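A.B. asks: Residue numbers (the working numbering), protein chains in the order written: chain W, 1 to 107; chain A, 1 to 242.
Hints in this document: simulated from the structure, not taken from any laboratory.
Bear in mind that the values here come from a model prediction, so they are computed numbers and not experimental data.
Among these hints, one or two may not hold up.
[Unchecked claim] In silico BS3-like cross-links for lysine-lysine, where the CA-CA straight-line distance does not exceed 27 Å: (1) A:K188 to W:K80; (2) A:K95 to W:K85; (3) A:K19 to W:K103; (4) W:K98 to W:K55; (5) A:K224 to W:K85; (6) A:K207 to W:K18; (7) A:K103 to A:K188; (8) A:K24 to A:K188; (9) A:K95 to A:K119; (10) A:K190 to A:K84.
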Amino acid sequence: MTRVLRRRYLVLKVDCDKPLEAAALSDAVWNAVLRLFGESGASQAGLYLVRFDEKTGVGILRCFHTALPMVRAAVASVTKIGDAKAAVHVLRVAGTLKALSRKAAGS
Amino acid sequence: MKFTDLHLCAPSDNLEQAKRLFSKSAELGFSQIGVPLMPNVREETVDQLRQVSAEAGLDFVTRLDLAPRSSGDLLTGLRRFRRKFEVVSVLCNSKSVARQAAKDRRVDLLCFRSFDSNKRFFDRAEAELASASSAAFEVDLAWLLSSLESRSGVSVFSRLRREVATAGSFGVPLVISSGASEPLLLRKPKDCAALTLLFGLDESRAKDALSIDPGAIVERSRRKQSEDYVVPGVRVVDGRQG
């Protein structure tokens, strides 16, 4: 039986002048969703930062499949992380972590 | 699919910064960029920028941003500079300028960048004029993102939602541009399309606004500026027989 709320995994690439911590990125994305879509919208997103490599600035964000357009818009709207100017780009989206690594290996 | 960003604010006097912007734009997936230039820009500067953009794999489009104070100013500017640039946009700060720009076939893009709803003039009358003259309605994403920082996002999105719906009902093309002056303000085409969710644009229209519609504007302008163009629908064909 398929899950009612399926998950989507987004590979994010952060461009920032200063070194970043995972918590800062997570806060920035949560705040963006809250600001744009409110607490009700944020509660439907199911956001979770699965992992983040501070050296390369690449991370994996998880959300519910129904909230994918909302999360993409929120991620694109991030212009600052903490006090530093930043931009967050979505490199890839997949339904499972395995598919993500398969796509990454393919490219 | 070929993505076009018609408003990439690269400095014409700083080639290094321009190179950074162009390579970031190409990296993110754009293949054609429009760079606003001063009316009195020299040919050498344009050639240098064109060369730098070609090295990044981008098709360079010259753009002029007019911000006239009156409709008379607009007509003067168009008469003097239209032939020199491939794309002309008009920043509509008053109703008379907005109406004149919408009526004029020489104008490609209509821009409204005020956060104040009373100073945005894209209503049904404006859309009707624009649809007859093939002018497009431009939305700058950098301006949109700055509205979020200044906390006027709610009124901006509300107004923009109505304007986009009005443009759609009159068949006015929509153009989404980055308006970026630094690499951190650039976004991938899919992320730009995602941002349009905030003012009610669906995915397919957003993709058209990033690819087909701006591309058509550039193509139309280049066709008009080609040597064999006479009037709409008439072209010189050198077909000597014998």
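A.B. asks: All hints, please: hold or fail.
C.D. replies: Going through the hints against the structure:
1. Between K188 (chain A) and K80 (chain W) the CA atoms are separated by roughly 17 Å; this keeps the pair inside 27 Å, and the hint holds.
2. For the hint linking K95 (chain A) to K85 (chain W), the alpha-carbon distance of about 36 Å lies beyond 27 Å, and the restraint is violated.
3. Of the supplied pair hints, the one linking K19 (chain A) and K103 (chain W) is violated, its CA atoms being roughly 30 Å apart against a limit of 27 Å.
4. Between K98 (chain W) and K55 (chain W), the direct Cα distance comes to roughly 22 Å. Compliance with the 27 Å bound is thereby established for this hinted pair.
5. Proposed proximity of K224 (chain A) and K85 (chain W) is contradicted: the alpha carbons are some 42 Å apart, above 27 Å.
6. Only pairs whose Cα atoms come within 27 Å are accepted, and K207 (chain A) paired with K18 (chain W) is rejected, the gap being roughly 32 Å.
7. Between K103 (chain A) and K188 (chain A) the CA atoms are separated by roughly 33 Å; this puts the pair beyond 27 Å, and the hint is violated.
8. This hinted pair checks out: K24 (chain A) and K188 (chain A) have alpha carbons roughly 10 Å apart, not beyond 27 Å.
9. For the hint pairing K95 (chain A) with K119 (chain A), the CA-to-CA distance comes to about 8 Å; that is within 27 Å, so the pair holds.
10. For the given pair, K190 (chain A) sits about 32 Å from K84 (chain A) by alpha-carbon distance, which is inconsistent with the 27 Å threshold.
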